[in-house]
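Colleague: Okay, here's what each chain looks like letter by letter:
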Amino acid sequence: MHVVLLRLALGLYFIGFMHSVLTTLNKKQTFFRPALAAMFAGFVFHVASIVLRAMDVRYLPLTQQYEAFSFFGALTTLGFLIAYAKYRIAPLSVFAFPLIFIMTFVANLFYDPNPSIPPVLRSNWIYIHTPLVFLGYAALFIAFAAAIMYLIQDRELKSKHLTRFHHRLPSLEVCDDLAYKSLAIGFPLITLGIISGALWAQSVWGVWAGDAKVLFSFLTWFVYLLLIHYRLIAGWRGKKAAYLSIVGFIGVLVTFLGANYFGGLHTF
Amino acid sequence: MQLALVGLSHKTAPVEIRERLAFNGDALRGALTSLVGREEISEAIILSTCNRVEVVAESQDDRLIREFLCEFHRIPQDSVSKHLYSFRNAEVVRHVFRVAASLDSMMIGEPQILGQVKDAYRIATDAGAVGMHLSALMNRAFAVAKKVRSETGISQSAVSVSYAAVELARKIFGDLSGKGVMIIGASKMGELAAKHLKRAGVSSVLVTNRTFERAVELAQVFEGAAVPFEHFTDHMDRADIVISSTGAPHFIITKTLAEQIIHRRKNNPMFFIDIAVPRDIDPMVNEIDNAFLYDIDDLQQVIDANLKERMKEALRAEEIVDKEVEAFCSKMQSREVVPTIVQLRDTIEKLRRDEIERNRRHLKDLSPEQQAAVDQITKSLVNKILHTPIEQLKHLTHDPQGPDIAGLIRKLFNVKPQ
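Sequence order for the protein chains is X and Z.
Counting from 1, one number per residue, gives the positions in the first sequence under the numbering used here.
Counting from 1, one number per residue, gives the positions in the second sequence under the numbering used here.
These are computed hints drawn from the structure, not numbers from a lab.
Be aware that one or more of the hints could be misleading.
Claimed, not checked - Once the Cα atoms are required to be at most 20 angstroms apart in a straight line, the calculated PhoX-like pairs of lysine-lysine come out as: (1) Lys28(X) x Lys312(Z); (2) Lys147(Z) x Lys312(Z); (3) Lys350(Z) x Lys416(Z); (4) Lys82(Z) x Lys118(Z); (5) Lys384(Z) x Lys331(Z); (6) Lys240(X) x Lys86(X); (7) Lys11(Z) x Lys82(Z); (8) Lys323(Z) x Lys146(Z); (9) Lys350(Z) x Lys308(Z); (10) Lys239(X) x Lys181(X); (11) Lys240(X) x Lys266(Z); (12) Lys160(X) x Lys239(X); (13) Lys416(Z) x Lys160(X); (14) Lys239(X) x Lys266(Z); (15) Lys160(X) x Lys82(Z); (16) Lys384(Z) x Lys350(Z); (17) Lys323(Z) x Lys312(Z); (18) Lys158(X) x Lys240(X); (19) Lys255(Z) x Lys158(X); (20) Lys11(Z) x Lys147(Z); (21) Lys240(X) x Lys181(X); (22) Lys86(X) x Lys158(X); (23) Lys394(Z) x Lys147(Z); (24) Lys394(Z) x Lys364(Z); (25) Lys118(Z) x Lys181(X); (26) Lys255(Z) x Lys239(X); (27) Lys255(Z) x Lys28(X).
Claimed, not checked - Just so you have them, the derived chain X footprint on chain Z, three or more residues with Cβ under 8 angstroms: (28) 164 to 171; (29) 301 to 310.
The C-beta atom is built at its ideal place from N, Cα and C for all residues, glycine as well.
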């Protein structure tokens with residue numbers, strides 16, 4: 001049942017995905033309202049799917065790759081819906097909808113009907129570590145999208161050739177504010193996520209074990225620390241902050257997607 | 001319903017002619033009363049703005065309105081007739097819709113015209129010159145104007161230098177409340193831009209000028225503060241927006257200066273508007289992070305792009321108007337033609353029944369079957385005679401000529417509403 005729900009959600013997210021593609025091609029909002037409604041409906045199915053799965057496995061459904069992607073997809077939708085409710089920035093959808101769609105799509109690809117939970121993951125730490133990290137990632141994704149919007153708007157304003165896209169994008173101040181606030185939410189979350197991960201590792205192996213994923217997450221965390229530092233101390237904002245925010249999010253992607261292929265403790 | 005419109009606008013007449021035909025407040029009321037006092041004119045509205053004078057009336061004849069215009073203003077007809085246009089029926093509807101939707105304006109999409117049309121309607125209503133026909137027309141026109149405004153972008157983007165400045169400021173700062181503007185030098189255009197920015201929410205205004213008195217004067221206008229020209233740079237970090245329009249022969253804001261100011265502002269963005277010729281601000285300033293510099297040509301370029309966009313949107317607006325004109329006219333026509341059909345049938349049927357009644361005495365010897373046959377024969381005769389005219393009328397419900405022909409039929413058969 002949870003797979004059916006997930007596929008339903010995926011179908012609805014596809015509408016959002018098409019909206020993003022057409023909006024980019026037309027340089028003009030294309031069926032935004034229906035897409036927004038579809039994303040919202042998709043989110044409801046998605047959450048229902050995750051809840052059903054949790055009841056199935058009697059465990060936080062984050063132990064499979066399928067579940068991880070699905071969970072991340074749902075959190076990104078949540079992040080988008082919150083950011084949209086607060087800022088009413090329709091163009092954010094152009095970035096968020098494809099990511100959500102792709103995450104959910106990948107989740108579907110990885111679906112394994114007979115899950116076996118690796119014993120190492122049978123720990124209450126999973127309820128703390130993984131949601132913290134994933135929520136943090138979702139917030140940092142919003143920061144990333146805001147940074148991209150900032151850079152597009154900045155370039156249009158500097159070049160003085162204003163395209164139609166320019167009229168749809170929020171002001172520089174709003175983009176920067178959104179990027180900063182998402183960072184302010186995302187950074188503490190990944191910090192706590194990393195700390196909880198270290199404690200978990202200690203409780204299992206008694207030592208701080210490192211693997212590629214741990215290494216990358218530290219690097220990523222450091223990039224964001226730099227960004228926070230520069231924003232607070234050096235008064236960085238706008239373009240420079242946007243570039244660093246993009247670098248940070250590339251780190252997130254490498255950590256999340258890539259690290260499994262390097263082997264290590266997080267390969268399940 | 002018979003509509004007629006006579007008028008002239010910036011498209012057909014120079015200002016010398018337009019001002020001679022314009023109606024000011026009191027004359028307007030007098031003119032309306034005198035118009036609807038005529039037997040041939042039952043309703044009238046006069047729209048008189050600096051760009052157009054138009055009389056729309058419920059009347060068969062537009063020549064009457066032409067005569068009236070010239071008589072009222074005591075101008076010989078031949079001197080203005082080549083500047084006047086006149087429309088009838090569906091063309092009136094189209095013209096009124098286009099004017100209200102700002103498609104006939106000098107600056108397409110400018111928002112004032114709708115307010116002016118609404119005022120004209122209100123004045124005519126107060127003067128008792130508006131009945132159900134013109135009120136239906138005008139209310140539809142307001143709805144069409146609203147639709148055009150919300151469904152197309154013809155009024156969306158700025159097409160004047162000062163509005164373009166406001167629009168760009170909004171793209172940089174978002175909400176302008178709490179932002180500050182500094183005006184360097186006193187020029188009309190700088191003043192205008194500052195005025196629009198102030199209206200858009202900018203909260204503090206600093207003014208500096210080589211003649212300090214002038215700066216003080218201008219500062220008073222904007223409820224701001226004047227700053228001596230010798231040290232205006234000391235205060236510049238308080239300004240988010242800088243409008244410069246001095247007569248200085250060289251740059252008064254160099255890249256180094258702008259860099260220092262941005263640094264003092266902790267990288268908070270600044271918007272420089274240079275409307276001076278020769279320019280006041282080094283174009284290199286635009287290369288500084290968080291600084292945005294627009295000179296007069298840049299603003300003009302933004303406006304040109306917006307104008308092009310507006311023209312494209314205007315085409316879409318015309319399509320909306322086309323559809324609306326058709327819908328309105330066919331509604332009006334069927335409103336006239338359908339009752340005519342019903343009333344024509346009733347009138348003739350009444351003739352038939354009266355005639356049978358009158359000859360009851362002669363028919364009483366006939367058997368019931370024969371009486372029924374007489375009744376049947378007269379009925380089918382009436383139906384046969386009316387068949388073609390009614391079919392024709394039904395076809396006419398969506399024809400612009402419908403009301404005319406319906407009127408003729410009413411006259412021929414002496415059909416009256418019952």
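Colleague: Within a Cα-Cα threshold of 20 angstroms, do lysine 86(X) and lysine 158(X) meet the stated pairing?
Modeller: violated, 28 angstroms
Colleague: Hey, lysine 239(X) versus lysine 266(Z), does the alpha-carbon distance stay inside 20 angstroms?
Modeller: holds, 14 angstroms
Colleague: Has the given pair, lysine 28(X) with lysine 312(Z), been kept, meaning a C-alpha gap of at most 20 angstroms?
Modeller: holds, 14 angstroms
Colleague: Is the Cα-Cα distance between lysine 255(Z) and lysine 28(X) 20 angstroms or less?
Modeller: Violated - the C-alpha atoms of lysine 28(X) and lysine 255(Z) are around 36 angstroms apart, more than 20 angstroms.
Colleague: Check the hint pairing lysine 158(X) with lysine 240(X) against an upper bound of 20 angstroms on the C-alpha distance.
Modeller: holds, 15 angstroms
Colleague: Next pair to validate is lysine 118(Z) with lysine 181(X); report whether the Cα-Cα distance is within 20 angstroms.
Modeller: With a Cα-Cα distance of about 46 angstroms, the restraint between lysine 118(Z) and lysine 181(X) is violated, given a limit of 20 angstroms.
Colleague: Within 20 angstroms, alpha carbon to alpha carbon, are lysine 239(X) and lysine 181(X)?
Modeller: Holds. Lysine 239(X) to lysine 181(X) sits at ~16 angstroms (cutoff 20 angstroms).
Colleague: So if I understand the rule, the pair passes when the alpha-carbon distance is 20 angstroms or less; does lysine 394(Z) with lysine 147(Z) pass?
Modeller: violated, 31 angstroms
Colleague: Is lysine 323(Z) within 20 angstroms of lysine 312(Z), Cα to Cα?
Modeller: holds, 18 angstroms
Colleague: Against the 20 angstroms threshold, does the CA-CA distance of lysine 255(Z) and lysine 158(X) hold or violate the hint?
Modeller: Holds - the C-alpha atoms of lysine 158(X) and lysine 255(Z) are around 15 angstroms apart, at most 20 angstroms.
Colleague: Quickly compare the C-alpha distance for lysine 240(X) and lysine 181(X) to 20 angstroms and report which way the hint goes.
Modeller: holds, 16 angstroms
Colleague: Quick check: do three or more residues in the stretch 301 to 310 of chain Z have a beta carbon closer than 8 angstroms to a beta carbon of chain X?
Modeller: That given contact holds, which follows from 4 residues of the stretch 301 to 310 of chain Z lying within Cβ reach (below 8 angstroms) of chain X.
In this structure, the earlier hints numbered 4, 5, 6, 9, 13, 15, 20, 22, 23, 24, 25, 27 are contradicted, and the remaining ones agree with it.
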